[in-house]
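Q: Keeping their order, the protein sequence lines are chains A and B.
For the first sequence, the working numbering assigns the number 1 to the initial residue and increments by one for each residue that follows.
For the second sequence, the working numbering assigns the number 1 to the initial residue and increments by one for each residue that follows.
It is worth saying that the hints were derived from the structure and are not from the lab.
The beta-carbon is built from N, C-alpha and C at its ideal position, and this holds for glycine as well.
Treat the hints loosely; a few may be bogus.
One side of the interface only, derived from the structure: several residues of chain A facing chain B at Cβ under 8 Å [stated by the list, open to error]:
(1) Q116
(2) L118
(3) A119
(4) V122
(5) V123
(6) I128
(7) E130
(8) T133
(9) F177
(10) A179
(11) S197
Selected chain A positions facing chain B (in silico; Cβ < 10 Å) [claimed, not checked]:
(12) S7
(13) L8
(14) L19
(15) P21
(16) T135
(17) N137
(18) T140
(19) H142
(20) Q162
(21) A200
(22) K202
(23) D210
(24) D211
Ranges between beta-carbon positions, derived for each pair [to be verified]:
(25) B:Y28 x A:G147: 33 to 41 Å
(26) A:L223 x B:P59: 26 to 34 Å
(27) B:L22 x A:E199: 39 to 47 Å
(28) B:E77 x A:I226: 40 to 48 Å
(29) B:F99 x A:V246: 52 to 60 Å
(30) A:R190 x B:C100: 55 to 63 Å
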Amino acid sequence: MNFFNFSLRKVIVFTAAILIPFILIKMHRTSKETPLVLRPFTFTVGLIQNAYSSFSSGVRGTTSLYLNLVDIKRDNRSLMRKNAELRAQLGTMTELKLENERLNQLLEFKTQTKMQLLAGRVVGQDLIPEHSTITINRGTYHGVEQGMAVLTVSGAVGYILQAEMLNSQVILITDRFSAVDALVQRTRARGIVSGISSEACKFNYLKRGDDVAIGDQVVTSGLDNIFPKGFPVGEVIKVEQSEYGVTKDVELRPAVNPNNLEEIFIVLNAAQEDFLPSEEESDSETPNKETEIDKSKKALGQASGSANIER
Amino acid sequence: MTYLITLLVASVTAMPLGMFLLLNIILYALSYTFKSKFYQPGPIFFAIICGAMSVAFMPIHFILSLIIEPTPIQDLEIIFWLLQSLLTPLLSFAVYPIFCIIDDLTNKELPTEVGRQFE
């Protein structure tokens, strides 16, 4: 039997192996600090844990950054598309607003005058630039006849050159074949306005002694009852007088820019409308008295201001 | 064809019909003379002819206006003329196939050499 045949070393090792955990438990319960034995192990494990934590947080950060970039790019594309749609809508709304303002001015002008007017729209221009004509969407079917005046709230545009059933061709005052009877508003000097180019007209047949200065307003004379009397035609920009000539060379800037025409009025009946202030009204003792002509001129002035802004 | 084009275009311009017809006939004569001397089949020659005629249009119109009209042209639209001269040859490439189709429909054979069409 070898039961009692044991070595002392084995006994001591066995006993220590059994007792050491109990001793450590006892030490852990009684001491608040980490036991000295464990401190190197806890320190090393702590270092390893910190390193791993830093590494994993870095990897997590980079991965989430990439994933966020993908989302950001997608959101950016969507927002840019939405922005473009909204901009287009805004442009449309702005255009509608401007058109509404223009049409309101036209309506106000039409209601404040006794002329019989027919509204129309410009649908085309002359194919050859040396001829200044436009095509409008009103014709004989709407009561338009050849020779009728065409104007806007800003001033005279021209007159009907050729009237077809649904369209008409209008010769502008800037065409070299046009002729509009006009007079200088300040001095009542009369002449004929014809065109030179799209930006200038000529005021012909002014007598040598007629008083015309740069800046004078030229208006329609209204003698033919085609154009209303006193309607703006243009402004004098150049006055030349030759040494031996009997007439003056006067150039005008037209009141209406023919390149920006959209809506126009055709004068079916001028009804002897007079936009020219008479001498009695200008010398009136009651300057605050507002006559029909003043109201119309005020509407014209407001409309001209906004039309100039549109240009 | 010249008369037909004149009638079509005259409806959108205020140029007198007679003067416009005369202008187009002069342009046709010029293009025919040019073609009889330097013809090459293909769209490039067609573009050259179109460009040359668009360049010639304004001077001929100006000269005719000086001779015929009581109030001749005073202000030349140079910029429009230059633009027209540049854009017409470019657009002619788009129009060339249409004229080829018309030639096919009318069974008109294109001359292959200069002078062959007179044989």
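Q: Run the structure past the numbered hints and jot down the numbers of the failing ones, going up.
A: When the structure is compared with the hints, numbers 1, 2, 3, 4, 5, 10, 12, 13, 14, 15, 17, 18, 19, 23, 24, 26, 27 and 28 turn out to be violated.
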